[in-house]
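First residue of the sequence shown? That's 1200 in the working numbering, and the numbers climb one at a time after it.
No lab work stands behind these hints: they were computed from the structure.
For glycine and all other residues, C-beta sits at the position ideal for the given N, C-alpha and C.
Heads up, a few of these hints could be off.
Stated by the list, open to error - 25 Å max Cα-Cα, derived PhoX-like pairs, lysine-lysine: (1) Lys1368 x Lys1383; (2) Lys1328 x Lys1343; (3) Lys1375 x Lys1354; (4) Lys1259 x Lys1383; (5) Lys1320 x Lys1368.
Claimed, not checked - Computed spacing ranges between beta-carbons, pair by pair: (6) Ile1230 x Pro1253: 37 to 47 Å; (7) Lys1343 x Tyr1219: 46 to 56 Å; (8) Arg1314 x Arg1387: 14 to 24 Å; (9) Arg1387 x Trp1293: 28 to 38 Å; (10) Ile1230 x Phe1269: 53 to 63 Å; (11) Gln1312 x Asp1222: 39 to 49 Å; (12) Phe1372 x Arg1314: 44 to 54 Å.
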Amino acid sequence: CPTRITSTTASLLDVILTYYGDDKILDTEVIHLGISDHSLVYLCRKLSIPKAPPKTVFTKHYQNYNVNQFNNDLSEVFSLPLDSAILTDPNALWNDFKNKFLSVADKHAPIRQRRVKSKYKPWLTNEIKQMSYRRDYLKKQSIKLRSAYYDKAYKRCKNKLNNLIKETKQEYFGDKLSNAKNSKESWRTINELLNKSLKLQRLKN
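Sequences are here, hints too, so could you generate the full structure?
Below, the structure is given as structure tokens:
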């Protein structure tokens, strides 16, 4: 099946080579997408892959947090007399303070585990989505009908979509950088623009 089709030519440029027999192959197909002049070639092989565990993050849960009750419990726990054995040991004093504080903090704002959703792209507007559908439709019609009209329409739509994505991302990230209150927010926006994920760290005691 050709993998690059125009109104006047059809070429097989993209292939998948494998030494597996037909009994190891579930499916193979050429899919005509609008994202490129070359069609997508895929192959599904019988393979047992363990399911990846869901990505999780640990955060503090403040739904029932009450600042007055929190302060009262802190005052109560720190009003207790210290063990005389730790009075001259700074490390022991620090551990005592940390353990008492965290015990109260975990009581009022317990640590909860939650799943992290897929990355959200706020610049991906409905207009971009609709134009993406239109681009893919024109690509399929161009290949199905071998029509120069649809081929030109597809290329115009593809170029228009690429320009729209660039303009929308430029406006979105430009506004975020302009409204950044500090360098941390600026770098967070820059990392988002460069598609660098921020590391999610487990809260430690």
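For the range 14 to 24 Å, tell me whether the beta carbons of Arg1314 and Arg1387 fit it or not.
-> At 22 Å between Cβs, range holds.
Distance restraint between Lys1368 and Lys1383, which requires alpha-carbon spacing of 25 Å or less | Answer holds: Lys1368 to Lys1383 is near 20 Å, not above 25 Å.
CB of Arg1387 to CB of Trp1293, is that within 28 to 38 Å?
-> Holds: the Cβ-Cβ distance is about 32 Å, inside 28 to 38 Å.
Please work out if Lys1375 and Lys1354 have their alpha carbons no farther apart than 25 Å.
-> violated (32 Å)
Going straight from one Cα to the other, do Lys1328 and Lys1343 come out at no more than 25 Å?
-> holds (23 Å)
Range hint compliance [Cβ, Ile1230 to Pro1253, 37 to 47 Å] = Given about 29 Å between the Cβ atoms, the range is violated.
Take a look at whether the Cβ-Cβ distance between Lys1343 and Tyr1219 falls inside 46 to 56 Å.
-> violated (31 Å)
Is 53 to 63 Å right for how far apart the beta carbons of Ile1230 and Phe1269 are?
-> holds (57 Å)
Indicate whether the distance between the beta carbons of Gln1312 and Asp1222 respects the range 39 to 49 Å.
-> holds (42 Å)
Consistency of beta-carbon spacing, Arg1314 to Phe1372, with hint 44 to 54 Å | Given about 27 Å between the Cβ atoms, the range is violated.
Hey, Lys1320 versus Lys1368, does the alpha-carbon distance stay inside 25 Å?
-> Since the Cα atoms of Lys1320 and Lys1368 sit roughly 10 Å apart, the hinted pair holds (cutoff 25 Å).
Please work out if Lys1259 and Lys1383 have their alpha carbons no farther apart than 25 Å.
-> holds (21 Å)
Going through the hint list in order, the structure does not satisfy hints 3, 6, 7, 12.
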